[in-house]
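S.K.: These are the residues of each chain, in order.
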Amino acid sequence: MGDDARSYWDAFVAWLRALFFGREMEIVVIGLQNAGKTSFIDALSGGTFEEDMIPTVGFNVRRLRRDGVSVKTWDLGGQERFRGTWERYCRGVDCVVYVVDAAAKELFETARNELHGLLKRETLREIPLLVLGNKSDLESAVRVQDVVEAMELKRATGREVCCYNVSCKNSTNIDVCLKWLTAHAK
Amino acid sequence: MTSPIADFNRKRDEDSVEELSPFWGIEKGIVLQEARCFNDPQLDARKCQQVITKLLYLHVQGEFFTKTEITEIFFSVTKLFQSKNNNLRRMLYLIIKEICPTSDEVIIVTSSLMKDMNSKVDLYRANAIRVLCCIADSAILGQIERYLKQAIVDRSDAVSSAALISATHLSLADVDIVRRWSSEIQEAVNSSSPEVQFHALGLLYEIRKFDRLSINKLVAQLTRTQLRSPLAQCLLIRYVSEVIKDSAEDTVAPLHTFLQSCMRHKSEIVVFESIRAITSQHDLEAHQLVSVVNVLQLLLSSPKPSSRFAAMRVINKLAFLFPDLISNCNADIENLISDENKSIATLAITTLLKTGGDAAVERLLARIHSFMSEIQDEFKIMIIEAVRITCIRCAHKYRILLSFLSTYLREEGGFEYKQSIVRSIVQLFNAIPEAKELSLSYLSEFIEDCEYTQLSCEVLYLLGKETPYTTDPGKYLRYIYNRVILENPSIRAASISAMASIAVHCEMLKGRVLVLLRRCLFDSDDEVRDRACASIALLEKASAQKAGSLTTHTTEAFENVLLKYCQSNSDEPIDLQTIVTSSSANSESTNSASVLEQEHVISDISYSNIASVPYFATCGDVFKSSMKIDLTEDETEYKISCVKHIFDSHIVFEFICSNTIKEQALTNVTVAMEALGTSGLLEPTVLPLNVMPLTSYGSTFVVFDHEVGTQVEERFACTLKFVSKEIDPITGALEDDGYEDEYSIEDVELLATDFMRSARVQEFSQVWSESESYVENTFSNIVLPHDTVEKSVSHFSSLLGFSPCIGKTVTRNATLHTACFAAELSTGEHVLIKIALSMESQSSVTATVTCRAPQAQLCNQVLSVITC
Chain A
1 MGDDARSYWD AFVAWLRALF FGREMEIVVI GLQNAGKTSF IDALSGGTFE
51 EDMIPTVGFN VRRLRRDGVS VKTWDLGGQE RFRGTWERYC RGVDCVVYVV
101 DAAAKELFET ARNELHGLLK RETLREIPLL VLGNKSDLES AVRVQDVVEA
151 MELKRATGRE VCCYNVSCKN STNIDVCLKW LTAHAK
Chain B
1 MTSPIADFNR KRDEDSVEEL SPFWGIEKGI VLQEARCFND PQLDARKCQQ
51 VITKLLYLHV QGEFFTKTEI TEIFFSVTKL FQSKNNNLRR MLYLIIKEIC
101 PTSDEVIIVT SSLMKDMNSK VDLYRANAIR VLCCIADSAI LGQIERYLKQ
151 AIVDRSDAVS SAALISATHL SLADVDIVRR WSSEIQEAVN SSSPEVQFHA
201 LGLLYEIRKF DRLSINKLVA QLTRTQLRSP LAQCLLIRYV SEVIKDSAED
251 TVAPLHTFLQ SCMRHKSEIV VFESIRAITS QHDLEAHQLV SVVNVLQLLL
301 SSPKPSSRFA AMRVINKLAF LFPDLISNCN ADIENLISDE NKSIATLAIT
351 TLLKTGGDAA VERLLARIHS FMSEIQDEFK IMIIEAVRIT CIRCAHKYRI
401 LLSFLSTYLR EEGGFEYKQS IVRSIVQLFN AIPEAKELSL SYLSEFIEDC
451 EYTQLSCEVL YLLGKETPYT TDPGKYLRYI YNRVILENPS IRAASISAMA
501 SIAVHCEMLK GRVLVLLRRC LFDSDDEVRD RACASIALLE KASAQKAGSL
551 TTHTTEAFEN VLLKYCQSNS DEPIDLQTIV TSSSANSEST NSASVLEQEH
601 VISDISYSNI ASVPYFATCG DVFKSSMKID LTEDETEYKI SCVKHIFDSH
651 IVFEFICSNT IKEQALTNVT VAMEALGTSG LLEPTVLPLN VMPLTSYGST
701 FVVFDHEVGT QVEERFACTL KFVSKEIDPI TGALEDDGYE DEYSIEDVEL
751 LATDFMRSAR VQEFSQVWSE SESYVENTFS NIVLPHDTVE KSVSHFSSLL
801 GFSPCIGKTV TRNATLHTAC FAAELSTGEH VLIKIALSME SQSSVTATVT
851 CRAPQAQLCN QVLSVITC
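Sequence order for the protein chains is A and B.
Numbered by this note's numbering, the letters in the first sequence go through residues 1 to 186 in order.
Numbered by this note's numbering, the letters in the second sequence go through residues 1 to 868 in order.
This list has only true hints and no planted wrong ones.
Computed list of chain A residues with no C-beta within reach of chain B, every gap over 12 Å:
{"#": "1", "residue": "Asn113"}
{"#": "2", "residue": "Val148"}
{"#": "3", "residue": "Ala156"}
Within a straight-line C-alpha distance of at most 25 Å, the following computed PhoX-like cross-link-like pairs (lysine-lysine) qualify:
{"#": "4", "chain 1": "A", "residue 1": "Lys72", "chain 2": "B", "residue 2": "Lys120"}
{"#": "5", "chain 1": "A", "residue 1": "Lys72", "chain 2": "B", "residue 2": "Lys84"}
{"#": "6", "chain 1": "A", "residue 1": "Lys169", "chain 2": "B", "residue 2": "Lys115"}
Don't read these hints as lab results, they were simulated from the structure.
In this text, a Cβ means the ideal position worked out from N, Cα and C, and glycines have one as well.
Start from the sequences and build out the full structure, keeping to the hints where you can.
M.R.: Here you go:
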């Protein structure tokens, strides 16, 4: 009895929530360490930029509310020991955001290999991918075309792929990302 | 309208036709399926909680989860961090801590936990701290240390307690990091929350427990203040009694006063803890306990059964030591016999039995009779135990007490209960000889209707052993023989042994027993028939003396003979008569086996055979025998080791040899020793070993003559020489012709120290000062590759072959140490060695060795041996 009432109630709350907050979505943010994943989520939520961040050990889950969309973000650690667990958190999300440090050309190859290793997985089929070349405020940062090329995004077929250059520090292009993301909300 | 609860109860009554546990029928496979709900995009918090509960239930029930299953559960559980539901989060913490996957996986939750640790919700903070401390490695610990330190003094009690408990767990692994938080922990001890205070005190003790002074200080400081928490107070009492135990009598007076004051504490738990502390001290004296007994007496009439029980238990313990002191409370204790709690009543009765005078015994037994039918076996056992003690105390009451015991022997009861009665009776008649006959007759009545085979056998054995010395052994034969007619094979066999034993010791009953035994020859059971047969044979053939010796044979002797019989191929039966003789002289082998066998018997287990060789009988006493030195590697075909024996005018090398190859026999074994130096020893005499024994040891000897009182240093190259013969695998006989062969073994050295033995020196310093006239030489700053001083001392001891007369034991973690060795030469002169050791770095010890000897050459020889 109690359970039934509860599940009805939950359904009702979900309907109300949909009415007020509109849609919901779940994204996962991955990329090599120090690419700016946590900073990107901070920027997305409208927070201020911090210079020295502690490396994420494991993951953090946060819920943002932007443009009438409730976004659940899984912010995963980029250190090598955590890369094996990325796939577990990518299953079933609405979008995968892959953050690349556009100013660290020497890491492009590792970043590309990790990305394509992940895209090959059956569980990630058809999940839209957003690649971000972060730190565009730095002088050594490459252009967006170069990021597309370096990551060999042409190879990533069978899914929607988009690439932007952003700067979490100056909040450059963050609004565009948000728009792209919310367009994929359910 | 009915209230919802009443409604619920009614509904439950209807359903309760078969009331099921909520955990009934949980299956791992199904639960693992259900656990998929953790991955749902819209979490159902309630369902997730239930699934976690089921998983935890399975886990604590010992259900095995494979590594992949654990990984799978763990990662799906981590998804639940998205939920803000407090109860679910709580379960989440719990399951992470419980299933605890491998460290490289569990680290994934670190960041989330660190976030929770700084959350505003107390529940999150407290639990995140607990989990984090469980999973943290040293790197993470460094990162969170600051937060943990703060959490210890958090204003929320839950958080503070969680941090303290986690720190306690951490201190087991790494106490140093926790020590850095001392000031915070100290602050927490003064917390207003009882729980925090308790945990903080426990932790404070944990980090200081290896520092006695600091514990003394802590105890002294806290005994002056009033701790808010009764539990903390109990801890303090425990620490106090520890300090009292370790300290000198005169310094602990304030602590005794403290313990006494704790007995007036308003919390009963503190009162009991202090009583326990006082009563568990060593060398208690009655006057110290007067106040304790007064407090206990008050507690005996407490309305709480637990208090009554606790008080009664202490009194019971004290009753052993101070019966007079306790007798003041006898009136109160007697009231407790009728206590509805049977544990308390049993304790009361047993206490009274211990303390009550002779007069009270009968009255008490009467009360017990009415009480026994109501209690369980374990309580009955306690009472039997108390009756036994009473009986030994009041020996002249044994008739009453024995009849009491026998009454209960006849009544229904479990095995252990019955066994305890039987054992009590046995102890009684061992302690009180007058009680023996009565006891035995009770026991023989008991086996009439004993339902436990083991117990019957025990009693029958006892009857066989004890009844021959009673006035009328024949009386018991009837009881015993009845068992043969009525019982199972085990008891029948035991009865036959008992009868045989009686017949052996009572010549006059022999005829009657033989008649009875013959009737048993047609028993359906093998063992019974065999025993009857053997007993008859014994009684008919052998004298009582002989037969008696059969029963007293050591089993080892019998086993030896049987083993030998099994090994030999002889068809001759074993003659039991020879066992006695062959057990005393093991060498009398009954079979006529090969040479190998004989060798086996002769060779001694102790490694040197020199005492058994006639050649050395005329050489005088051995001045010194060295340690055994192995000359071959392990796992080689032959094991050879050497012992050097120094006689007055001979140097003997004993080579102890053992063969490991079954198919080959080595005969005429000798060792050729070639001197490599220039010591000028003459050609030695060689005593060969006929056959190198298989798996056992035999010796060959090389004997050099030398001048009395001289020391020789020499190195010898050694070769084992022998004639190898094949063994016929079927008959085991040696083939006649073999071939000569040799086998090279390691070199043997003769050192100056071989001529020295440990001298018995009363006062080393005195001998040292008397030896001024000797030659002294010192080698300093010798670096030894040992990491403790202790190892260095044993290093020198093994080089010299004896242990130091001063400085044998090294205090733990000592960095400076002096060891003195006193040696004696065959001339009676002394060689004195002083070794000063100092630990300079973590991995090396530096030694300075000073040697005093009568001659300069000897002094240098000794130094070179021990400093090489």
